[in-house]
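Same order as they appear, the protein sequences are chains U and D. So the mapping is simple: the numbering used here equals the position in the first sequence, first residue as 1, plus 464. So the mapping is simple: the numbering used here equals the position in the second sequence, first residue as 1, plus 15.
Don't take each hint at face value.
Which residues of chain D face chain U? A few of them, derived with a C-beta cut under 10 Å, are [claimed, not checked]:
#, residue
1, D38
2, P39
3, R60
4, N66
5, D71
6, G118
7, N119
8, W123
9, L129
10, G133
11, A164
A few chain D positions that, by computed beta-carbon distances, are all more than 10 Å from chain U [what the hints assert, rightly or not]:
#, residue
12, D45
13, V83
14, D103
15, A160
Heads up, simulated DMTMM-like pairs for lysine to aspartate or glutamate below, C-alpha to C-alpha not over 25 Å straight-line [said to hold, decoys possible]:
#, chain 1, residue 1, chain 2, residue 2
16, D, K57, U, E696
17, D, K156, D, E107
18, D, K48, D, E96
19, U, K801, D, E96
20, D, K82, D, D153
21, D, K82, D, E49
22, D, K57, U, E845
23, D, K48, U, E983
24, U, K801, D, D153
25, U, K801, D, E155
26, U, K878, U, E696
27, D, K57, D, D75
28, D, K82, U, D630
29, U, K1055, U, D630
30, U, K579, U, E1066
31, U, K911, D, E49
32, U, K911, D, D45
33, D, K82, U, E1066
34, D, K82, D, D45
35, U, K801, U, E660
36, U, K878, U, D630
37, D, K82, D, D103
38, U, K1004, D, D38
39, U, K911, D, D94
40, D, K57, U, E660
Treat the hints as calculated values from the structure; they're not laboratory data. Nothing here was measured: the structure is a model prediction, and the numbers come from that model. Backbone N, C-alpha and C fix where the C-beta goes; we use that ideal spot for every residue, glycine too.
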Amino acid sequence: MIAELGAFALLLAFVLSLAQFGLSAAGRIRRDAGLRGAGEGASVGAFIASATAFFALMYAFVTSDFSVSNVAANSHSDQPLLYRVAATWGSHEGSMLLWCMALSGFGMAVAVFGKGLPTTLKPLVLASQGALGGLFMAYTAFASNPFVRLATPPVEGAALNPILQDPFMAIHPPFLYTGYVGFSVVFSFAVAALIEGRVDAAWARWVRPWTLAAWSFLTVGITLGSFWAYYELGWGGWWFWDPVENASFMPWLAGTALLHSAIVTEKRGALPGWTVFLALTAFTFSMLGAFLVRSGVLTSVHAFAVDPTRGVLLLTILGIAAGSGFALFAWRAPSLKAGGLFAPISREGALVVNNLFLAGALATVALGTLYPLIRQAMTGEAISVGAPFFALTFGPLMALCLLVLPFGPLLSWKRGDLLGAAQRLFVAAGASLLVGLAWLLVVQPGKGFSAIGVVLGIWLVVGSLTELFVRARVGVVGSGEAWRRLTNLPRGTWGMTLAHIGLGVFVLGAVVETSGRIEAAQALTVGQSLQVGAYTLTLKGVEAVQGPNYTADRGTLLVTGPHGPGGAMTPERRFYPVNRQATSQVAIDAKGPSDLYVVLGEQRTGGQPSWLIRAYWNPWARLIFGGPLLMALGGLISLSDRRLRIAAGARARARLAGEVAA
Amino acid sequence: MRLARLILAGAFAALSLCAASNDPAERLPDPAKEARARALFKEVRCLVCQNESIDDSEADLAEDLRKVVRQQVAEGRSDVEVKRYLTDRYGEFVLLKPSFSLGNAVLWLTPFVLVLGGGAILVVRARRPEPTAPLSPDEEKRLAALAKADEPVA
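For reference, chain D alone in the conformation it holds in the complex (with noise of 0.2 Å):
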C-alpha cells in the first residue's frame, strides 16, 4: 500500500514517511474545530494517492490539504464552504462522497431501488394464490373413485 503511494510521492518521499492527520504539529488549538477538520478530513481524497483520505495519507499533498482544510475550517468556514473550496480547484474527484447530483441518481438511488422493488415483486407474489394445475383425466377418476368409496353404505 505505502508502495503504490511512495512511487507516487518520489524517491525521496521513502526515506521520510510524514506525518499523518493527527500530528501535534498540525492541529488546531481549537478541539472542536480540530474535531471538524478531522470529520472533513475523511470525506476528502488524497489526489495523489491510491484511494486513500486525507486523513489516513502520509504525501505530502495530503498535508497540503490537511492545512488547506485546517485553515478554512480555523476561518470559520462551514463543512460546505470548505468542500465547495476543494470542488471548485480540484473537480467532485476530491470528495469522497460523490454528491447527491442528477449525475449520480444511479448511484445513490440503484441499491434502494433494488431492494425496494424486489421486495415489491415478493410482495405481490405472496399475494397472489399460487394457480394450481389441473388434475389429470387420470386423477379425475380416481378422485371420483375415491369419492365414491366414502360415501356411506346405505
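For reference, chain U alone in the conformation it holds in the complex (with noise of 0.2 Å):
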C-alpha cells in the first residue's frame, strides 16, 4: 500500500514539475503574478510529492517489504536499520529517486527563498528548474520505478553490497547528490539571465550562495567517498583517478571556477558570458557524471547499480538538458554587456588565472575520462588513462595554480601592486623554502617532488594566513586592536582563508602519505610480532565472532610504540553469507595526524597456524581528509557572510523603504 503510494507520489512528482515548468514560464510571458505564483505553488508542492515517494521507498526498506523488486534486490530483513535505511540510495532506481528529491528540493528553496529575486528572473529560473525535474522524474517514473512489485515477493531480500554496509558510505551519498544537484539552481539561473539578456553583479550575487552551497557538499561528498576508499579497500588508497571519482570531480572543478569567477563578475561587473558559460558547464558535468556512473560505459571499481540499456535515456537527457543550455548560450551570449576594465595586474587578473587553471585542470580530467572511449570508437584500438597520466598532466597545472594562488587576494581590485603582494609574501615564501629545503636534505633525502609538495603546502597555509594579518595590519598595530580588526574581518574574507589554508593541508597530507607511506607484510603466528616504523605489532589471537549479518574472524594485535605499550587493535575479516562475500574490516589507530592501519589477512596452512598481518604507517593521513573540510566549512563560513545570506537584498530595501516612509 505504501509502496504503491510512492509511486502515485512520484507521477505526482513528475506532473506538478511540468506545472512549475508550464505555470512559471506563463507567468513570464504574461507578466501575471497569478500564474507565477501558481508557478511557485507547484515547486513545493513536487517537493513534497517526490519527498512523499522518497521516504515511502524508506518505508518500503525498514519494513522489509520484499514484494518490491527494488527491496528485494537490494535489502535483507538481517540488515542494521542504518543500512536498511542506506539501501534506499544504494540502488540505480533509489539513488535516481534521491535526485529527483533533491532537484525538486531546489526548486522549492528558490521559490520560498527567493522573496527579493526580481519578478522576471524568477519564475524563469523556477520554469528552468521545473523542465529539468520533469526529465529526471519521467526517467524515474517510466524507465526506472523503484516502486515495482513482484508477482511473487521472495521471503528474503538479496542484502545491500557487504562493502556498502558501512557509516560512512551511508551518508555519502546524500551529500554527493546534494552537492551534484545544487548546480542544477545554478544551470536554471544561468539559463533565466540568458533568456532576460542580463548578466550584472546583482544576478551574481544571487548565483554565489547557491553555487557555494552546492560546492560545500559536493566537497564533502567527495571527502567521505575518499576516507570510505582508504579504510574499506584495505591497502589506504584514497585517490585512483577511477572514472567514477572523475565524475564526481568533474563538476567539483567545474563549481571551484564558477566560485572565483562569479566573484570578478559580483564586485566588477566583468566576465558575464564565462560565469555564464561556467554555470552550465557545472550542471552539465553533474549529469555527465550521473550518465558516466549509471550507464556503465566506463569500468570502475566504484560502479554499483549500472544499467547499459539506461544509459541511452540518460544521455538523451543529458543532450535535451545541456544542449538547450548551451544553444542558449550561443544564441544571447554575444549580447551580454562586458563590465568593469581591468589590469592584468589585479585580483580580477588573478581570479582570470585562477580560472585559466582549473578550465585546464577540468579538461584534463574530462579527456582523460573520455578519451579511452573516444579512442576505441574511433580506431577500435582500447587504451588505459589512470593515475600515471594523471600526475603527469594534472600535476603541474595544479602545482602552478597553487603557486600563484596566495597573490590573488593581496592584489587590489582594478590595479593590483604585484611587488607589494611579493613583499608581503617574503615570509611565506621564506618558511616554505626553508621547510622544503631541510625536507631534501634531512626528512627524505632526494626526494625531489615531495619536497616541491611541502613547500607549496606550506606556502598555501602562510600565504593564505600572510593576506589575513594583512588586512588586520596584525604587527603594525597594537595586539588588541589587530584582534578587533581580524574579528571585524566579513566572514567571506574568513571563509576564503579557511578554504585555502584547507588546500594547503590537504596538499601537505597527500604529499607526506604517499611519498612516507611505510608497508610491513609477514605471516605470523599467535605471539610474533612485526614491526612498521616505529611500532611493533604483536599478534595475540584470532577468534571468532558473530556480527549482526556477518561472521568474522577478528585478529587483536597489540601496539608498542616509542612511548612504551599503546592499545590492541583488531582488524577483522567479515563475511556474508547472504552475499556469500567476504570483506576486509582494517584497523585503524591514529596518532596524531597519521595513521596506524592494519589489515588481517588469510590464513596460511600447514604447520602452525598463521595470519597474514598487512600493516602500514601513513604519516600525516588524517590532512587528506581533514584539508578538504576545512574548505568546506570555509565554504559554509562564506555562506553565513550577512552579504550574501539569502534574501538579504529585500530585507535591506524593506528597511530603506520603511525609514523613508519614517
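Each chain sits in its own coordinate frame; assemble them with the hints.
Printed below as a string of C-alpha cells:
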C-alpha cells in the first residue's frame, strides 16, 4: 500500500514539475502574478510529492517489504536499521529518486527563499528547474521506477552489497547528490539570465550562495567517498583517478572555477559570459557524471548499480538539458554587456588566471576519463588512462595554480601592486623554502617531488594567513586593535582564508602520506610480531565473532610504540553468507595526524596456523580528509556572510523603505 | 569495489581474498629489483579488474602478472623491455600510462595547449588597449561646457 502511495507520489511529482515549468513560464510571458504564484506553489507541491515518494521507498526498505522488487534486490531483513535506510539510495532506482527529490527541493528553495528576486528572473529560474525536474522524474517514473512490485515476492531479500554496509558509505550519497544537484539551481539561473539577456552584479550575487552551498556539499561528499575507499579497500589508497571519482571531481572543478569567476562578476561586473558558461558547465558535468556512473560505459571500481540500456535515456536527457542550455548561450551570450575594465595585474586578473588553470585541469580530467571511449570508438584500440597520466598532466597544472594562489587575495581590484604582494609574501616564501630544503636534505633525502609538494602546502597555508594578517594589520597596530580588526573581518574573508588553508593542509597530507608511507607484511603465528615504522605489532590471537548479518575472524594485535605499549587493534575479515562475499574490516589507530593501519589477511594452512598481517604507517593521512573538510567549512562560513545571506537584499530594501516612510 | 572484482574473479575468490603485492611470499630477494618491480606494478593494469593497477589488486590475474613482471625484472630486463613484453601480449590496454604516440597526442597535449593558448589570448588582450567608446553628442556638449567653465576668468 505504501509502495503504491510512493508510485503515485512520484507520478504526481512529475506532473507538478511540468506544471511548475508551464505556469512559471506563462507567468513570465504574461507578466501575471497569479500564474507566477501558481508556479511557485507547484514547485512546493513537487517537492512534497517527491519527498513522499522517497520516504515511501525508505519505509519499504525499513520494513523489509520484499514484494517491492527494488527492496528484494537490495536489502535483507538481517541488515541493521542504518543499512536498511541507506539501501534506499544504494540502488540505481533509489539513487535516481534521491536525485529527483534534491532537484525539486532546490526548486522549492528558490521559490521560498528567493523573495527578493526580480519578478522577471524568478519565474524563469523556476521554469527551468521545473523542466529539469520533469525530465529526470519522467525517467525515474517510466524507465527506472523503484516501486515495481513482484508477482511472487521472495521470503528474503538479496541484501545490500556488504562493502556498502558502512556508516560513511551510508551518508556519502546524500551529500554527493545534494552537491551534484545543487548546481542545477545555478544552471537554471544561467538559463534565466540568458533569456533575460542580463548578467549583472545582482545576478552574480544571487548565484554565489547556491554555488557555495552546492560546492560545500560536493566537497564533503567527495571527501567521505575518498575516506571510505581509504579504509574499505584494505591498503590505504584514497584516490585512484577512477572514472567514477572523476565524474564527481569534474563538477567540483567547474564549481570551484564558477565560485571564483562569480566573484569577479559580482564585484566588478566583468566576465559575465564566462561566468554564465561555467554555471551551465557545472551542472552539465553533474549530469555527465550521473550518466557515466549509471550507464556502465566506463569500468570503474566504484560502479555498483549499472544498467547499459538506461544509459541511452540518461544520455538523451543530458543532451536535451545541456544542449538547450548551451544553444541558448551561443545565441544570447554575444549580447551580454561586458562590465568593468581591469589591469592584468589585479584581483580580477588573478581570478582569471585561477580560472585558466582550473579550466585546464577540468579539461584534463574530462579528457582522461573520456579519451579511452573516444579512441576505442574511432580506432577500435583499447587504451587505459590511469594515475600515471594524471600525475604528469593534472599535477603540474595544479602545482602552478597553487603557486600563484596566495598572490590573488593580496592584489587589489582593478590595478594591483605585484611587488607589494610579493613583499608581503616574503615570510611565506621563506618559510616554505626553508622547510622544503630541510625536507630534501634531512627528512626524505633526494625525494624532489615530495619536497616540492611540501613547499607548496606550506606556501598555501602561510600565504593565506598572510592575507588575513595584512588585512588586520597584525604587527602594525597593537595586539588588541589587531584582534578587533580580525574579528571584524567579513565572514567571506574568513571563509576564503579557511578554504585556501584547507587546500594547503590537503596538499601537505597528500604529499607526506604518498611519499612517506611505510608498509610491512608478514605471516604471523600467535605471539609473533611485526615491525612497521616506529611501532611493533604482536599478534595475540584470532577469534571467531558473530555480527548481525555476518560472521568474522577478529585478530587482536598489541601495539608497542616509542612510548611503550599502547592499546590493541582488532582488524576483521568478515563473511556475509547472504552475499557469499568476504570483506576486510581494517583497524586504524590514529596517532596524531598519522594513521597506523592494520589488515588481517588470509590464514596460512600447514604447520602452525598463521595469518598474513599487513600493516601500514600512513603519515599525516588525517590531513588528506581534514583539509577538504576545512574547505567545505570555509564555504559554509562564506555562505553565512550577511552580504550573501539569502534575501538580505530584500530585507535591506524593506528597511530602507521603512526609514523613508518614517 | 571488491564486489565488482570478485564477480569477475569468480565466486571462489570471495572465499579467499588473495594476497596483494607486498605479500612476503611473492617478494624478490634483491631490494633494489623489488623496488623497481613495485614501481612497475603501479603502471600496469589488472586486466580483469575495474581500473586497478596490479599493485593494488588482489585478483588472481594480478598475482600472475606480478609474477611475470618480477621474473622479468629478476632476469635483468629494463623497464621499457618489461612494458614491451606486456604490451606485445595484452595490447596497450595493459598500461595505465598511455604511450606518447601520435594516436595519443590529443590526450597528452590538449591540457597544455589549452592553458598556454588561453594564457596567450589573455596576454594579447591585456596588451591591446581597450577601445574607449566615443562620447555621445550630449556628453561632448557637457564636456565643452565644463571646459569653458574651467577657463580662467579674464
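Results of checking the hints against the structure:
1. D38: holds, 6 Å
2. P39: This hint holds: P39 (chain D) lies near chain U, its Cβ roughly 6 Å from the closest one there, short of 10 Å.
3. R60: Since chain U brings a Cβ to about 5 Å from R60 (chain D), closer than 10 Å, the hint holds.
4. N66: holds, 5 Å
5. D71: Where the cut-off is 10 Å and the nearest Cβ of chain U is about 6 Å from D71 (chain D), the hint holds.
6. G118: Holds, because the Cβ-Cβ distance from G118 (chain D) to chain U comes to roughly 7 Å (cut-off 10 Å).
7. N119: OK, holds: N119 (chain D) within 10 Å of chain U, min 7 Å.
8. W123: With a closest approach of 7 Å, the W123 (chain D) hint holds.
9. L129: holds, 5 Å
10. G133: holds, 5 Å
11. A164: For A164 (chain D), the interface hint is violated, since the closest Cβ of chain U sits about 28 Å away, which is over 10 Å.
12. D45: holds, 18 Å
13. V83: holds, 17 Å
14. D103: holds, 15 Å
15. A160: holds, 27 Å
16. D:K57 x U:E696: holds, 20 Å
17. D:K156 x D:E107: violated, 73 Å
18. D:K48 x D:E96: holds, 15 Å
19. U:K801 x D:E96: Roughly 59 Å between the alpha carbons, so the hint for K801 (chain U) and E96 (chain D) is violated.
20. D:K82 x D:D153: It is violated: about 85 Å lies between the C-alpha atoms, which goes past 25 Å.
21. D:K82 x D:E49: holds, 11 Å
22. D:K57 x U:E845: Since the Cα atoms of K57 (chain D) and E845 (chain U) sit roughly 22 Å apart, the hinted pair holds (cutoff 25 Å).
23. D:K48 x U:E983: holds, 17 Å
24. U:K801 x D:D153: Holds, at about 22 Å.
25. U:K801 x D:E155: holds, 23 Å
26. U:K878 x U:E696: Violated - the C-alpha atoms of E696 (chain U) and K878 (chain U) are around 49 Å apart, more than 25 Å.
27. D:K57 x D:D75: holds, 17 Å
28. D:K82 x U:D630: Status violated; Cα separation ~34 Å.
29. U:K1055 x U:D630: Measuring from Cα to Cα gives roughly 23 Å; hence the hint holds.
30. U:K579 x U:E1066: At roughly 61 Å apart (the allowed maximum being 25 Å), E1066 (chain U) and K579 (chain U) break the hint.
31. U:K911 x D:E49: holds, 19 Å
32. U:K911 x D:D45: Holds. K911 (chain U) to D45 (chain D) sits at ~22 Å (cutoff 25 Å).
33. D:K82 x U:E1066: holds, 19 Å
34. D:K82 x D:D45: holds, 15 Å
35. U:K801 x U:E660: holds, 12 Å
36. U:K878 x U:D630: Given that 25 Å is the threshold and the Cα spacing comes to 50 Å, the pair is violated.
37. D:K82 x D:D103: holds, 17 Å
38. U:K1004 x D:D38: holds, 21 Å
39. U:K911 x D:D94: holds, 20 Å
40. D:K57 x U:E660: At roughly 52 Å apart (the allowed maximum being 25 Å), E660 (chain U) and K57 (chain D) break the hint.
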